[in-house]
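Starting from the structure of chain H, add chain D with the ligand where the hints point.
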Amino acid sequence: MEQTQPEFRQFTYYGKGPELFKIYIINWLLTIVTLGFYYPWAKAALLKYNYQHTQFDGSNFTFHGTGKEMFKGFLKVIGVIVVLYGSLLAAQLSGNASLTLTVILIFYIVLILLVPFAIHGSLRYRASRSSWRGIHFGYRGDRTTLVKLFVKDVLLTIITFGIYNSWFINDLRTYIIGNIRFGNITFEYTGNGADFFWLNLKGRILTGLSFGFYFFWYSMELFEYYIENIYAQQDGKHLPIRSTAKGGDFFALTIVNFFLLVFTLGLAFPWVQVRTLQFFMSNIWVQGEFDGNSLVQTEEEYKDASGDDMVDMLDLDLL
Amino acid sequence: MNTFEIKYFDGKTSAIQYGTVKLAYGHWDIRLNHPDGTMSSIHWQLKDIKQTEFVGNTNIFKYGDFPQQTLECTDSDFVKALQKEYPNYEFFKKEYVWALNKGLEVFIGITVVLLALCFGIYKYILPTVAEGLALTVPQEYEIKWGDMMFENMIQAPQKEDLSESLNLTKNDTLSKLANQFAKEMDFKTTYPIKITVVDEKVVNAFALPGGNIVVFNGLLQKMKNKEEFAALLGHEVAHVTHKHSLKNIFRSLSGYLFISLITNDLNGVTAVILENANQLQNLGYSRELEAEADASSMKTLKTNQIATKGLYNLFKILEDGNHGEIPEILSSHPLTDERKKFAKKNQILNEKPIEKARLESVWGEIIAYNSKNKK
Ligand SMILES: [Zn+2]
Chain H
1 MEQTQPEFRQ FTYYGKGPEL FKIYIINWLL TIVTLGFYYP WAKAALLKYN
51 YQHTQFDGSN FTFHGTGKEM FKGFLKVIGV IVVLYGSLLA AQLSGNASLT
101 LTVILIFYIV LILLVPFAIH GSLRYRASRS SWRGIHFGYR GDRTTLVKLF
151 VKDVLLTIIT FGIYNSWFIN DLRTYIIGNI RFGNITFEYT GNGADFFWLN
201 LKGRILTGLS FGFYFFWYSM ELFEYYIENI YAQQDGKHLP IRSTAKGGDF
251 FALTIVNFFL LVFTLGLAFP WVQVRTLQFF MSNIWVQGEF DGNSLVQTEE
301 EYKDASGDDM VDMLDLDLL
Chain D
1 MNTFEIKYFD GKTSAIQYGT VKLAYGHWDI RLNHPDGTMS SIHWQLKDIK
51 QTEFVGNTNI FKYGDFPQQT LECTDSDFVK ALQKEYPNYE FFKKEYVWAL
101 NKGLEVFIGI TVVLLALCFG IYKYILPTVA EGLALTVPQE YEIKWGDMMF
151 ENMIQAPQKE DLSESLNLTK NDTLSKLANQ FAKEMDFKTT YPIKITVVDE
201 KVVNAFALPG GNIVVFNGLL QKMKNKEEFA ALLGHEVAHV THKHSLKNIF
251 RSLSGYLFIS LITNDLNGVT AVILENANQL QNLGYSRELE AEADASSMKT
301 LKTNQIATKG LYNLFKILED GNHGEIPEIL SSHPLTDERK KFAKKNQILN
351 EKPIEKARLE SVWGEIIAYN SKNKK
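So the protein lines, in turn, are chains H and D.
Numbering (the working numbering) for the first sequence: 1 to 319.
Numbering (the working numbering) for the second sequence: 1 to 375.
To be clear, the hints were calculated from the coordinates, so they are not data collected in a lab.
One or more of the hints may lead you astray.
Said to hold, decoys possible - DSBU-like mimics (lysine-lysine), calculated; alpha carbons at most 30 Å apart, straight line:
(1) K309(D) <-> K201(D)
(2) K68(H) <-> K62(D)
(3) K68(H) <-> K47(D)
(4) K12(D) <-> K68(H)
(5) K102(D) <-> K16(H)
Looking at chain H on its own, in the form it has when it is part of the complex (with noise of 0.2 Å):
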C-alpha cells in the first residue's frame, strides 16, 4: 500500500478548536474546583489530545503519560518549592544580614542547578511517553554531563555580559538533540554559537530600525536556524528537516490570535491554539528517503515525571 516515498514528508496538526475548546473547558472547571491540584492531569489531557491530533507520514503520535505520574511530580515540585521560598522567608525574617546574604547566594545556586536538572528529567519524561507507530521517543543525556555544561555556560554568559548566551544555547541544543532517540533514529544539531550570535544581532537591530515590524520575520529566521540545523539519521541516511515558515505569514498569524484573544477575553484560545500549531506542523517537513516501516524499538520504560512539571515552574519553553 505505501510503495510510493515521496521525497518530502510533512507535519499536520489537525485538531479541532470546538473539541479543544470542550477540553479546556472541563480542564478549567476541575482545576478551579481543586485549587489547582487538577493540573497534572489537566495538562496530560492536553498533551494527549495534541499528540493524538498531529500526524506524520499517515500515522499520529501518542503520548502515554498520565494525570497520575504528573501529580508526583508536581509534589515534588511544590515541595522544592516550599523549601525555597520558606528558607529565603525565614532568613529575612531573622533580621541577621550576613545569614540572609548567604540563604540568597544558596538559593541562586540551587535555582541555576534545578534548571538543568529539570530539563533533564523533562526530556527523559518526555520523550519515554511519547511514541508514533508504537516505537517511544528516548533521551539519552547524562545529567552530570548537562549540569557541568549549564553550570559552565552559565558562568561563561554572565562573565561575557550575556554575549556567550548564543553559544550556551547552541551548546544546550547540540547536546540535548544529540541524546534524542526514536527508535533507530538518531539526530545530530550542527547549528554553532557565532552564526547563531549574527543572526540574532541582525534580528535586533533590523527590528529596533523598522519599529519592531521585523520581530516576525526574525522569529522565523530563529525557528528555521533552529528546525534546519537538525537532523535525523536511519540506518546510515541522512534525512535533513526543513521549515517553510514565512515570516509574513507568521505576522498575519499572530495579528490575527491577537485579535481573537482580545475580542473574545481570551476565550477563543482553544482555536488560537489550533492555528498556531497548525502553523508550525505544516510548516516542518523531512526530507530524504524516510522508511517509516523500518524503526526498532530501542528504549527501555522509564517511569519518573518530576522534571515535566519543573521545567513549566521555571517557565521553560521546551517544543
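Leaving out everything else, chain D with the ligand in the frame of chain H:
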C-alpha cells in the same frame, strides 16, 4: 459480523501490519496478513486492553506492558460492537465519552455559568472573606508591621543630603505639638496614635496600619483653623481604626490570587486583562473607604464638639494644593465631588462649638512655629 479491519503495531518495530480483529469471548482474536502471504494470530486478553480515546474517527487501543502493542480501527461500527459484546467492560473513560458527545452549546453554557459564578465570587464573596481575614490579624502584629513600614520611610533630621530620595525628614517640634493636639481629642480608638510631621511641601497626609499617621507640613501650612487639622486627624485615625490598609492589602491580594487561580491554565492576554480589571476594582474600593473615613471624621468632630465645617474646609485646601506626588500604594485620598457634597451636607450650620483652650493654644503654637520658619 464481529470481525473488523485493523492496522496493528507490535511495539517492536514501526511496521504497519494489516489484519482483522474478531471479538471473541474474554479476548480479541487478531489475525495479521504478512507481506509474504503468510498469516499469524494473536490473542488480546480483555483485562489487559488499555482504556483509550478516539482520535477523529479512529479508535486506538493499546495492549499489555511496555512496549505496548497498538491496534487502530476506523470502522464506526466497532465501538457499537464492543458495547454489545462486552456490556460490562469499560473501554473508554466514561467522562470523556460523555464530554465529547455533548454539543458545543453545552460547553458554552457551562462556560457562561462558570464565568458568572467566578464573577459573583469575585465581586461579592471574596471581598467579605478578605475583610474578615484582615480583621483576624491581631492588633499587635498590625502595630509591629506599621512601625516597620514607618521606620523605612521616616528619617531623623540630621543627614539632609542623603534624605532627598525616598525617605522623609521628620520635624521634631511640629510632631511633638501635633501629638499634643491629638491627645486633647477623643478618637474612640484602641490604637496608639502617633503623629509625625515631615518637612515636605506636598499637601497631603497618610495613615499606616497600627496607628502611625504622617502629615506633610505643606498641608499644615495651608490650614487656618484648628478644626481643619482636627478633621484631618479624624479622617486618618479612622483609616487606622477601621484597618483600611490591611483590608486593602487583603482584598487586592485575594483578588490577585483568585485571578491567578482561574487563569492558571489560560493565556497571558486574559490574565493581563483580568489583573488590570482587578486594579480598577480596587480603585473603586478605596473611594468606599474614603467615604467611611470621612463619615468617621465627621463623627469625631461632633463628639469632640469641634466645628464641623472643618471637614469641608479641609477638602478645599486639598483641592487647591493637590498636585502632590504621594506614593500610590499608601492610602492616598482621591478627592471627589461626592466627598465634598457629603461634608457640606453634614456640617452643622450656625453651630456654637465649645471653646477648648488647650486645643486652641497648641494650635496657636503650630501656627507660630510655621510662620516663624517661613521664608
Ligand atoms: Zn483617606
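* Failing hints, ascending? -> As far as the earlier hints go, not one is violated by this structure.
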